[in-house]
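Okay, here's what each chain looks like letter by letter:
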Amino acid sequence: MSKQINVALIGNPNTGKTSVFNALTGLNQKVGNYPGITVDKKQGVCKLARGIKAHIIDLPGTYSLNASSLDENVVIELLLNKNDKDFPDVAVVVTDVENLKRNLLIFTQIKDLEIPTLLVINMADRMSKKGISLDIETLEKELNTKIALISTRKNQGIDILKEYITNYRTLSTQACLNTVDIDKAYFESLQRAFPNQLLYKLWLVITQDVNFGKINRQEFKTVADFKTKRDADLKRLQQKETIKRYQFINNVLKKGQAIDLSQATDLRIKLDRILTHKVWGYVIFFMVLFLMFQAVYDWATYPSDLIDKGFASLADWVKSTLPPGAFTNLLADGVIAGIGGIVVFIPPIAFLFLFIALLEESGYMSRVVFLMDNVMRRFGLSGKSVVPLISGNACAVPAVMAARNIENWKERLITILVTPFTTCSARLPVYVIIIALVIPEGNFIGMSYKALTLMGLYVIGFVTAIFSAYILNKILKIKSKSYFVIEMPGYKLPLFKNVALAVFEKTKTFILEAGKIILAISIVLWVLASYGPGDNFSNAEAIVKTQNPLLSKIELEDKVAAHKLEHSYIGIVGKAIEPVIKPLGYDWKIGIGLVASFAAREVFVGTLATIYSVGSANDTEDEDTIKSKMAAEVHKNGEKVFTLASGISLLLFYAFAMQCMSTLAIVKRETNSWKWPILQLVFMSGIAYVAALIAFQFLK
Amino acid sequence: MQDTLANLKRGEKGIITDVSSTEIPLKLLEMGCLPGNEVELVQVAHHADPIYLNINGSHLAIRKETAVHILIEKVLHE
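Residue numbers (this note's numbering), protein chains in the order written: chain A, 106 to 805; chain B, 131 to 208.
For the record, the hints were derived by calculation from the structure and aren't laboratory data.
One or more hints might be untrue.
[Unchecked claim] With a Cα cut of at most 25 Å, we get these calculated SDA-like pairs of lysine to any residue:
| id | chain 1 | residue 1 | chain 2 | residue 2 |
| --- | --- | --- | --- | --- |
| 1 | A | Lys414 | A | Ser425 |
| 2 | A | Lys582 | B | Ile154 |
| 3 | B | Lys157 | A | Trp514 |
| 4 | A | Lys375 | B | Ala178 |
| 5 | A | Lys745 | A | Thr558 |
Can you make the complete structure from the sequences, with help from the hints?
Take a look at the structure:
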């Protein structure tokens with residue numbers, strides 16, 4: 106007999122399900138993806154008594170088994186598929202003591218699937234404040250289950266929960282609702298057609314539009330065809346079912362729950378009076394945003410500078426320790442500089458994720474959605490688009506995924522399409538280095554020109570996103586039934602453990618993903634830059650010598666290296682695209698950077714570093730940073746490559762261009778079509794080209 | 131007096147009498163928007179849309195275009 110118990114954590118959003126998961130698993134958890142879709146799959150291990158282990162899955166928060174999003178589909182697909190290796194031995198439904206009635210709806214549904222089901226009533230510490238008293242014994246009897254009354258905040262009741270999980274076999278699997286009662290004639294005929302199946306399960310298969318490819322088809326082969334009723338009638342039956350479930354729940358709570366409203370103190374009312382106020386609500390929201398950007402672009406500079414210095418000395422150390430040569434240069438200037446260019450962004454990204462986690466955990470994010478819905482709707486977006494648009498300032502990939510909460514397809518699609526315009530952190534390395542190179546020193550009303558330029562780029566990104574949304578809203582002819590529902594959860598002090606884990610997980614994923622791409626691209630580039638076809642490459646030394654017979658040894662070596670690079674594979678590519686990018690003020694080396702950036706824009710700096718160091722044989726000491734190398738780079742006629750004109754042109758190109766394969770891949774997955782990511786790629790890059798062209802031609 | 135939820139003013143209460151089954155998503159019903167339940171308008175956003183409701187202890191916000199399909203009977207203040 107297996108000593109591992111499969112446990113599924115299920116519950117409404119905002120019930121503290123993740124806190125329960127964290128309390129049970131601690132750091133023994135990992136976040137992955139469900140195959141084929143990008144819903145986070147959180148799993149962990151919890152040690153129980155007698156050497157038994159529980160394998161715990163934290164399923165996405167859902168209000169019911171009537172799925173209306175990808176995240177919710179995951180829950181029902183797992184619960185309907187007995188053959189899934191994660192199919193739960195026991196389902197643990199997490200509820201919030203303040204919203205017990207609504208939270209119990211999904212409990213009754215899961216119980217009706219005849220899966221052993223435990224009930225967790227969380228946030229017990231708030232009961233007295235809300236004047237709630239519970240008769241656990243009566244509730245256990247009425248709901249036919251075991252109830253763990255816990256408080257993750259006070260760390261109470263977790264042991265009892267573990268004990269109940271260990272003894273899950275004693276749980277009753279009796280259903281709450283007799284499915285036949287919903288509509289006698291219909292359900293009796295359904296049962297006659299499939300006498301060996303559980304009626305509620307059949308009903309879910311009929312009403313849910315989920316991927317049944319994974320659920321053993323044989324068993325359900327013809328059920329989906331058993332639609333003797335029109336969709337409208339089925340919907341009416343679902344409503345009837347919901348009402349019946351609430352009747353059951355009301356009955357249970359009448360016996361086992363008492364609420365004395367005179368005892369209740371409501372922080373929510375007081376806070377909401379200010380935070381959702383027509384004027385103060387907006388003022389506070391903008392102050393929060395301001396604080397957030399202050400943290401990301403100001404406070405984060407201190408740790409970032411330290412990291413930057415650390416990587417610079419690491420690169421120096423590598424150069425002075427390893428024998429000089431192309432490989433050492435690759436390691437020091439390509440790989441280490443490239444990775445360093447990403448690690449430097451841990452502080453700002455972590456700050457951003459921290460703010461987003463705090464806003465969500467505290468319940469404030471829902472208020473922002475409420476406040477912004479009206480404004481956003483004018484641009485074809487939803488109040489819920491605020492979350493992706495803010496998250497987009499960290500990374501477009503989780504931001505595009507966050508658009509899933511938007512019920513209306515058109516609003517969701519527009520949000521997905523415009524989110525990549527917001528200034529993600531991968532643009533920062535490029536912005537910072539170019540701004541440092543081309544923007545002059547000086548101040549304007551207390552802000553340096555450099556800081557102003559950076560802020561301007563953020564504004565441009567956001568305004569373009571909103572403006573594009575407006576245009577798309579006018580162009581796209583999608584008729585989708587529009588509705589908008591958002592829960593306004595009670596305010597809660599965020600739990601340190603939850604916030605810390607969220608920030609750690611997200612930052613780690615971002616760094617690892619970006620790091621992998623940079624490493625791979627640096628190596629590919631280095632190889633392409635170090636080898637080339639034909640005579641021009643292999644006989645570079647002889648060719649250069651005959652052209653310039655009077656050069657000194659050092660000058661000769663430099664010339665040879667430059668000649669080789671020009672005729673290497675990558676040089677040939679760069680030269681080929683040079684005519685296209687010349688009007689923007691770029692040479693073929695920048696062109697290579699641009700090409701590499703289409704995989705991920707953060708590789709731009711590392712790419713230039715690799716190219717410049719391969720392109721010169723002698724790395725003199727005063728040219729040890731990428732910045733000084735870029736500053737020293739000149740055209741054939743002796744003019745500087747990085748001027749104000751070409752710099753601004755580059756900045757604008759990076760502000761608009763769609764240069765991120767991960768985002769394109771995620772958009773493809775979320776929209777389920779190549780049409781939208783290709784459209785994004787073409788249009789965004791088109792805008793980038795035109796903007797860069799205009800900027801350079803005006804400024805040069 | 132029959133009315134729709136969209137006509138409720140801030141601080142007013144009503145009892146839900148009917149929800150149009152074709153216009154109202156199941157999700158809203160599951161969140162507690164069912165006939166017989168008491169509803170209070172807690173707060174309104176800019177231009178009174180969306181509206182922030184307390185339906186029998188369940189707090190949620192919906193747009194006006196949805197609210198017009200929910201029929202209520204206003205509870206007059208004592």
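Results for each hint:
no.: 1; hint: A:Lys414 / A:Ser425; in the structure: 16 Å, holds
no.: 2; hint: A:Lys582 / B:Ile154; in the structure: 23 Å, holds
no.: 3; hint: B:Lys157 / A:Trp514; in the structure: 16 Å, holds
no.: 4; hint: A:Lys375 / B:Ala178; in the structure: 20 Å, holds
no.: 5; hint: A:Lys745 / A:Thr558; in the structure: 21 Å, holds
This entry satisfies every hint, going by the numbered hints stated previously.
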